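Use these hints to put chain Z onto chain W, whose structure you have.
Protein chains: 2
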Amino acid sequence: MIRQLYDRDSYTYTYLLVCDKTGQAALIDPVKDNVTQYVQLLKELNLKLVYALDTHIHADHITALSVLRKATGCSTLVSSQGKVNCASGGLTNNACLTIGLLSLRAIYTPGHTDDSYSFYLQEGANGYLFTGDTLLIRGTGRTDFQNGSASDLYESLHNKLLQYPDNTIVYPAHDYNGFTQSTIFEEKYFNPRVKIKDKGAFIQFMAELNLPKPKHIEIAVPANQQCGELDV
Amino acid sequence: MIRQLYDRDSYTYTYLLVCDKTGQAALIDPVKDNVTQYVQLLKELNLKLVYALDTHIHADHITALSVLRKATGCSTLVSSQGKVNCASGGLTNNACLTIGLLSLRAIYTPGHTDDSYSFYLQEGANGYLFTGDTLLIRGTGRTDFQNGSASDLYESLHNKLLQYPDNTIVYPAHDYNGFTQSTIFEEKYFNPRVKIKDKGAFIQFMAELNLPKPKHIEIAVPANQQCGELDV
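Taken in order, these protein sequences are the chains called W and Z. Throughout, this note's numbering is defined as the position within the first sequence, counted from one, plus 42. Throughout, this note's numbering is defined as the position within the second sequence, counted from one, plus 42.
Keep in mind the hints are simulated off the structure, nothing from the lab. Bear in mind that the values here come from a model prediction, so they are computed numbers and not experimental data. Hints are not guaranteed to be accurate.
The list treats identical chains as one, so a pair stands whether inside a single copy or across any two.
Cut-off 30 angstroms, straight-line C-alpha distance, at most; resulting in silico cross-link-like pairs (BS3-like, lysine-lysine) [claimed, not checked]: (1) 230 with 90; (2) 241 with 230; (3) 63 with 230; (4) 230 with 85; (5) 85 with 202; (6) 63 with 237; (7) 202 with 255; (8) 85 with 241; (9) 90 with 237; (10) 85 with 237; (11) 239 with 85; (12) 241 with 125; (13) 90 with 63; (14) 257 with 112; (15) 202 with 237; (16) 257 with 125.
This is chain W alone, in the form it adopts within the complex:
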């Protein structure tokens, strides 16, 4: 079972993944402000949180990893590329995480940041990609901070995420336009950034975005480098 949760302040989607047979669960991209909600929901559904995971060091909200580890005893995993040593362990490309009878695969997808991961879950005939800020619905994450690279993002999109079957459900870390999910098919054919097939043209497009600096980056990044432990 997958339960999507929404943080209205940062437009962040958090995902609760549940093995229905064992009651083991994982949270992807939990937000510190919403820990009370997560803990209550875990209790109500009688779940044991085994993992709290971040797709990357976020710049727009503070992660709940550290608080969840203290509250539930779960393992926390963050990108091993992010040189962060506050978590239980580091994600590596193709690492397989066991949540009861579910297997969650970590996929290193740098570009938005140099520590970005996506996750893939297969449940019966259905495949789900949790794409973080690498692939958004009809968009992508930006590449102009935290060692972002439009060249890496192009490779992560075309050589990794878009190689999954067309009917794979896409669950991003954010949406700003009222979408909650998509599919690889839709993003392959209707995502304006994905449709830029020439790598040079994509790099130029990303370089010319000229986006304003994220509001909370100066607070969020140092806090998240400590798994949200830092009081702010």
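Just chain Z, lined up with the frame of chain W:
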């Protein structure tokens, strides 16, 4: 396939229901401001919209029913109890709507308003209840306007919606706390209003809420009584 869409201004969830085999589709509680998004998504997914439905005359946003009927030729259905004559037809209790090979059942669930409906969809082993404002996640709609009735709401909840199997997915018309879906099990045991088992106590609880008037009610209700046709 069910696709949840979100209107950030009014915290409204709109649902796109798709028969994957035929490409026929329905929209529940579409928002007028988002028509361009709906029409583009229908086109991208190569869907034929056969129905646009409202769970009730909304007080917080303007319905897209009339615009969608003009743009797509779909049928529009609203509660027959609402005495609204702008739609293609009126919903009646237990009416069965055909969307390709899917059957959507209309359930008259008055209480939030006297014209409130819910919808039930069975897809294989999975059941889905689209509960409008009758049953919200860990809450309910209010009952203090549009001929609302706490007594009727109590009956709609306990004698209709909560009679569905525990594993039925609950998809409400709104959420204000970051939830996107629930189950009948969760609402039966963890919804504070549902847990008030005594009908008199429930009526008293609802009477004492003293909520502020919805911001857009004076614009939205008359517009929605014309299926969103009225220019505002």
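Against which earlier hints does the structure fall short, listed by number upward?
-> Failing hints: none at all.
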